[in-house]
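Spelled out from the first residue to the last, the chains are:
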Amino acid sequence: MPSHGSEPGSARRGVLVIPAYNEAPRLPALLAAIAAQELPLEVAVVDDGSRDGTADVAARAGATVLRHPFNLGYGAGLQTGYKYALAAGAPWVVQMDADGQHDPRDVKRLLAPVRLGECDLVIGSRFLEPTGYDMDPLRQLGRRFFIALARAFGFRVTDPTSGFQALGRRVLELYASDAFPSDYPDVDVLLTAHRHGLVVREISVRMHAGERPSTLHGGLRSVWYLYKMMLSLWAASSRVPKP
Amino acid sequence: MNETLTLAQLRELFLENPDLEATRWLALSISAVLIGVVLWLVRKRSLREEYTPIWIIVSAALVFVSLRLDLLRELTRAIGAWTPSSTVFFLGELFLVAICLNYAVRLSRAGLQVKNLAQEIAILRARVDALAARRGDSL
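Residue numbers (the numbering used here), protein chains in the order written: chain Y, 1 to 243; chain Z, 1 to 139.
Among the clues, some could well be false.
As the list claims (entries may be wrong) - Which chain Z residues stay away from chain Y? Per the calculated CB distances, all over 10 Å, these:
#	residue
1	Leu69
2	Leu72
3	Leu91
To be verified - Label-pair restraints from in silico Cβ distances:
#	chain 1	residue 1	chain 2	residue 2	range
4	Y	Arg115	Z	Val114	31 to 37 Å
5	Z	Ala110	Y	Tyr227	20 to 26 Å
6	Y	Gln140	Z	Leu107	35 to 41 Å
Keep in mind the hints are simulated off the structure, nothing from the lab. All C-beta atoms, glycine included, are put in the ideal place defined by N, C-alpha and C.
Using the sequences and the accompanying hints, generate a full structural model.
Take a look at the structure:
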């Protein structure tokens with residue numbers, strides 16, 4: 001059984017949070033790739049009410065498993081990881097998707113600025129530099145729209161929907177609050193972090209085409225995402241940040 | 001002789017229409033049934049006491065309006081409606097919109113609490129599993 005860092009619940013070294021919903025077929029390869037990196041992180045898989053044995057697969061691979069009793073959503077899965085890390089006294093968290101889209105080889109690079117105290121939040125961007133990442137025109141349009149919206153609110157970002165991020169403790173404390181969305185925590189939460197005076201930086205990372213359907217992939221879900229995100233952005237920009 | 005009515009006269013005719021006893025008794029019966037159902041639901045523990053005031057108030061308002069149809073007529077005149085029944089429908093719709101909004105707020109709060117509880121369970125279960133593994137048994 002591969003080892004995944006410190007023992008559960010005592011993560012002084014940071015936590016690698018992987019929200020997973022029915023990811024049993026893809027998890028073993030991802031967890032093996034993470035183990036090969038020998039990262040100074042406890043790997044915590046948040047099983048979001050899967051029905052395909054995701055939790056068992058993660059536990060067999062040596063990861064800490066946080067099991068939701070039922071499906072709560074991608075954002076809630078991430079937030080469970082943040083809360084766990086905070087309770088365990090972890091100084092930072094790296095989050096990555098379970099579908100193999102994010103490359104574990106980039107984790108150390110992603111985490112470095114947060115560990116050095118240079119910033120509070122690092123976003124792994126597919127678009128900061130040419131990485132050859134292919135995105136269909138509709139998603140490109142959606143991405144550009146949200147970049148423009150974020151810019152209108154005074155925040156610059158090139159990859160507002162990237163789930164590959166490193167977060168410092170101040171970000172964790174902010175994200176563990178009830179303001180964090182259960183479904184899609186994207187540019188709205190980045191704007192909230194920015195408005196709270198947290199330093200956000202992007203670094204270029206490699207990304208593979210994920211198997212999880214995108215929120216900007218067309219259909220009713222995209223319409224809902226667009227509406228919800230615009231409303232969340234407005235709400236985030238109108239709230240007075242708490243000191 | 002062919003007599004024509006203006007719209008204003010027609011409206012007055014609607015408003016001056018004498019009260020129907022049947023309407024009054026129907027409204028009173030509905031109020032009584034509503035109060036009875038609310039009390040029965042509380043007794044069955046299907047409805048918590050804190051949710052009852054709104055329904056008791058609605059029933060009381062219905063009783064009051066049934067007994068004082070003249071006030072309903074005045075209100076109808078004041079808001080520019082044509083018939084007392086349309087005023088009742090209008091007020092009913094307003095009430096339904098308000099109560100739907102109220103329940104949406106309560107649902108949002110309850111959803112947040114359920115999410116927080118589920119997350120807490122997930123974290124505690126991981127800790128229990130870790131403790132059990134350390135002790136070499138299952139808790």
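Hints, verified against the model:
The non-interface label for Leu69(Z) is consistent with chain Y: the shortest C-beta to C-beta separation is roughly 45 Å, beyond 10 Å. For Leu72(Z), the requirement that its beta carbon stay farther than 10 Å from each beta carbon of chain Y is met, with the minimum near 40 Å. Every beta carbon of chain Y lies more than 10 Å from that of Leu91(Z), the smallest distance being close to 30 Å; the non-interface claim holds. For Arg115(Y) paired with Val114(Z), a C-beta distance near 35 Å keeps the hint of 31 to 37 Å intact.
Taking 20 to 26 Å as the suggested C-beta distance range, the pair Ala110(Z) and Tyr227(Y) conforms, at roughly 23 Å. Evaluation of the 35 to 41 Å hint for Gln140(Y) and Leu107(Z) yields a pass: the beta carbon distance comes to about 36 Å.
In the structure shown, no violation is registered for any of the earlier numbered hints.
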